[in-house]
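Trainee: Chains as they are written, first to last, in my numbering: chain A, 1 to 118; chain B, 1 to 109.
Hints were generated in silico from the structure; no laboratory data involved. All of these numbers come straight from a predicted model, not from anything done at the bench. There could be a bad hint or two in this list.
Unchecked claim - Calculated cross-link-like contacts (lysine to aspartate or glutamate; reagent style EDC-like; alpha-carbon spacing at most 20 angstroms):
(1) B:K96 / A:D71
(2) B:K42 / A:E68
(3) B:K42 / A:D111
(4) A:K57 / B:D7
(5) B:K45 / A:E3
(6) A:K57 / A:E3
(7) A:K42 / B:E15
(8) A:K42 / B:E56
(9) B:K96 / A:E68
(10) A:K42 / A:E53
(11) B:K96 / A:E53
(12) A:K57 / A:D86
(13) A:K42 / A:D111
(14) B:K2 / A:E1
(15) B:K96 / A:D63
(16) A:K42 / B:D95
(17) B:K45 / A:E44
(18) B:K42 / A:E44
(19) B:K96 / A:E44
(20) A:K78 / A:E1
(21) B:K96 / A:E1
(22) B:K42 / A:E53
(23) B:K42 / A:D63
(24) B:K45 / A:E18
(25) B:K96 / A:E18
(26) B:K45 / A:D96
(27) A:K83 / A:D96
(28) A:K42 / B:E3
(29) B:K42 / A:E56
(30) A:K57 / B:D39
(31) B:K45 / A:E59
(32) B:K2 / B:D82
(33) A:K42 / B:D57
(34) B:K2 / A:E59
To be verified - Which stretches of chain B does chain A cover? Using the computed rule of at least three CB atoms under 8 angstroms from a CB of chain A, they are:
(35) 18-30
(36) 68-77
(37) 84-94
Think of the CB as a built atom: it goes at the ideal place given N, C-alpha and C, for glycine as much as any other residue.
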Amino acid sequence: EPEVTQTPSHQVTQMGQEVILRCVPISNHLYFYWYRQILGQKVEFLVSFYNNEISEKSEIFDDQFSVERPDGSNFTLKIRSTKLEDSAMYFCASRDGGENGVPNQPQHFGDGTRLSIL
Amino acid sequence: RKEVEQDPGPFNVPEGATVAFNCTYSNSASQSFFWYRQDCRKEPKLLMSVYSSGNEDGRFTAQLNRASQYISLLIRDSKLSDSATYLCVVKTSYDKVIFGPGTSLSVIP
Numbered sequence: 001e002p003e004v005t006q007t008p009s010h011q012v013t014q015m016g017q018e019v020i021l022r023c024v025p026i027s028n029h030l031y032f033y034w035y036r037q038i039l040g041q042k043v044e045f046l047v048s049f050y051n052n053e054i055s056e057k058s059e060i061f062d063d064q065f066s067v068e069r070p071d072g073s074n075f076t077l078k079i080r081s082t083k084l085e086d087s088a089m090y091f092c093a094s095r096d097g098g099e100n101g102v103p104n105q106p107q108h109f110g111d112g113t114r115l116s117i118l
Numbered sequence: 001r002k003e004v005e006q007d008p009g010p011f012n013v014p015e016g017a018t019v020a021f022n023c024t025y026s027n028s029a030s031q032s033f034f035w036y037r038q039d040c041r042k043e044p045k046l047l048m049s050v051y052s053s054g055n056e057d058g059r060f061t062a063q064l065n066r067a068s069q070y071i072s073l074l075i076r077d078s079k080l081s082d083s084a085t086y087l088c089v090v091k092t093s094y095d096k097v098i099f100g101p102g103t104s105l106s107v108i109p
């Protein structure tokens with residue numbers, strides 16, 4: 001069964017440094033997402049991405065965050081200047097368009113990147 | 001009011017029991033609804049989509065009441081492997097997805 005893959009599985013970074021989290025969505029999927037989950041808390045939506053543009057973003061996704069799909073396969077999340085509170089598990093997800101692009105297809109998640117900010 | 005709320009749990013049930021989880025959502029324009037499960041420190045995994053007419057998948061039954069903005073999940077004949085956190089997930093607009101806080105289930109031998 002096709003999978004969403006994420007690298008690295010664990011990233012340790014000094015506060016203030018830039019970090020890039022990478023995701024390879026399922027190959028025929030067109031919609032891509034990033035979520036974060038702080039330890040012990042709920043999964044929080046960050047951003048959705050379609051046709052090389054951000055579709056929706058949450059209040060968490062401020063100017064420190066950016067996403068791009070540089071080469072048609074990888075989907076990356078960049079945090080420009082990391083803060084201690086960015087420490088969390090970051091999940092990438094993707095879904096296909098469904099019939100007639102109906103946006104009700106479920107998302108498939110990668111197994112996450114644990115980001116630790118020191 | 002929070003966008004998606006769930007029973008706080010935890011639920012501790014014996015094997016073979018039937019257990020029901022409840023979820024409410026605040027945005028009446030929400031379009032799509034799902035139940036996911038999440039094992040400790042793992043990624044969310046789709047359990048089932050929730051359709052307006054209700055749907056069943058083996059031991060799992062999901063119901064949606066749009067008028068009450070309420071979703072439920074029923075698990076029959078609980079197995080040890082059902083132990084996990086169950087996440088109610090709601091798509092509130094074109095492509096913004098909100099997760100509930102989850103309800104923890106422990107199935108006890």
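Trainee: Determine for every hint whether it applies to the structure shown.
Mentor: A quick look at each hint next to the structure:
1. With a C-alpha separation of about 24 angstroms, the suggested pairing of K96 (chain B) with D71 (chain A) is violated against the 20 angstroms cut-off.
2. The straight-line distance between the Cα atoms of K42 (chain B) and E68 (chain A) is roughly 25 angstroms, outside the 20 angstroms bound, and the hint therefore fails.
3. Taking the CA atoms of K42 (chain B) and D111 (chain A), the gap is near 6 angstroms; set against the 20 angstroms cutoff, the hint holds.
4. The hinted pair formed by K57 (chain A) and D7 (chain B) fails the criterion: a straight-line CA distance of about 27 angstroms is larger than 20 angstroms.
5. Using a Cα cut-off of 20 angstroms, the hinted pair K45 (chain B) and E3 (chain A) holds, with the two alpha carbons roughly 12 angstroms apart.
6. With a C-alpha separation of about 24 angstroms, the suggested pair K57 (chain A) and E3 (chain A) falls outside the 20 angstroms cut-off, and the hint is violated.
7. A distance of roughly 27 angstroms separates the Cα atoms of K42 (chain A) and E15 (chain B); the hinted pair therefore is violated under the 20 angstroms criterion.
8. About 26 angstroms separates the Cα atoms of K42 (chain A) and E56 (chain B), which puts this hinted pair outside 20 angstroms; it is violated.
9. Restraint check for K96 (chain B) and E68 (chain A): satisfied, since their Cα atoms lie roughly 18 angstroms apart, inside the 20 angstroms limit.
10. The straight-line distance between the Cα atoms of K42 (chain A) and E53 (chain A) is roughly 26 angstroms, outside the 20 angstroms bound, and the hint therefore fails.
11. With a C-alpha separation of about 14 angstroms, the suggested pairing of K96 (chain B) with E53 (chain A) holds against the 20 angstroms cut-off.
12. Proposed proximity of K57 (chain A) and D86 (chain A) is supported: the alpha carbons are some 17 angstroms apart, at most 20 angstroms.
13. Distance check on the hinted pair: K42 (chain A) and D111 (chain A) sit about 16 angstroms apart at the alpha-carbon level, within 20 angstroms; holds.
14. For the hint linking K2 (chain B) to E1 (chain A), the alpha-carbon distance of about 35 angstroms lies beyond 20 angstroms, and the restraint is violated.
15. For the hint linking K96 (chain B) to D63 (chain A), the alpha-carbon distance of about 19 angstroms falls within 20 angstroms, and the restraint holds.
16. For the proposed pair K42 (chain A) and D95 (chain B), the alpha carbon gap of about 19 angstroms is at most 20 angstroms, so the pair holds.
17. The straight-line distance between the Cα atoms of K45 (chain B) and E44 (chain A) is roughly 15 angstroms, inside the 20 angstroms bound, and the hint therefore holds.
18. Between K42 (chain B) and E44 (chain A) the alpha-carbon distance is near 15 angstroms, which keeps this suggested pair within the 20 angstroms criterion.
19. For the hint linking K96 (chain B) to E44 (chain A), the alpha-carbon distance of about 11 angstroms falls within 20 angstroms, and the restraint holds.
20. A C-alpha spacing of about 28 angstroms is found between K78 (chain A) and E1 (chain A), which places the hinted pair above 20 angstroms, so the restraint is violated.
21. Between K96 (chain B) and E1 (chain A) the alpha-carbon distance is near 26 angstroms, which puts this suggested pair outside the 20 angstroms criterion.
22. With a C-alpha separation of about 28 angstroms, the suggested pair K42 (chain B) and E53 (chain A) falls outside the 20 angstroms cut-off, and the hint is violated.
23. A C-alpha spacing of about 28 angstroms is found between K42 (chain B) and D63 (chain A), which places the hinted pair above 20 angstroms, so the restraint is violated.
24. For the suggested pair K45 (chain B) and E18 (chain A), the alpha carbons sit about 29 angstroms apart, so the restraint of at most 20 angstroms is broken.
25. Distance check on the hinted pair: K96 (chain B) and E18 (chain A) sit about 26 angstroms apart at the alpha-carbon level, beyond 20 angstroms; violated.
26. Restraint check: the Cα-Cα separation between K45 (chain B) and D96 (chain A) comes to about 16 angstroms, which is no more than 20 angstroms; the hinted pair holds.
27. Using a Cα cut-off of 20 angstroms, the hinted pair K83 (chain A) and D96 (chain A) is violated, with the two alpha carbons roughly 33 angstroms apart.
28. Straight-line distance between C-alpha atoms of K42 (chain A) and E3 (chain B) comes to about 13 angstroms, which keeps the hinted pair within the 20 angstroms bound.
29. Between K42 (chain B) and E56 (chain A) the CA atoms are separated by roughly 25 angstroms; this puts the pair beyond 20 angstroms, and the hint is violated.
30. At roughly 26 angstroms between alpha-carbon atoms, K57 (chain A) and D39 (chain B) are farther apart than 20 angstroms, so this suggested pair is violated.
31. This hinted pair does not check out: K45 (chain B) and E59 (chain A) have alpha carbons roughly 25 angstroms apart, beyond 20 angstroms.
32. Taken as a hint, the K2 (chain B) and D82 (chain B) pair is broken in the structure, with Cα atoms around 27 angstroms apart against an allowance of 20 angstroms.
33. Distance restraint check for K42 (chain A) and D57 (chain B): the Cα-Cα separation of roughly 26 angstroms exceeds the 20 angstroms cut-off, and the hinted pair is therefore not satisfied.
34. Straight-line distance between C-alpha atoms of K2 (chain B) and E59 (chain A) comes to about 15 angstroms, which keeps the hinted pair within the 20 angstroms bound.
35. Using a Cβ-Cβ cut-off of 8 angstroms, 0 residues of the stretch 18-30 of chain B lie near chain A, which falls short of the minimum of three, so the contact claim is violated.
36. Coverage of a stretch by a chain is defined here by at least three residues with a beta carbon nearer than 8 angstroms to that chain's beta carbons; for the stretch 68-77 of chain B and chain A the count is 0, and the condition is violated.
37. Proximity of the stretch 84-94 of chain B to chain A, defined as three or more residues with a beta carbon under 8 angstroms from a beta carbon of that chain, is established by the 4 residues found.
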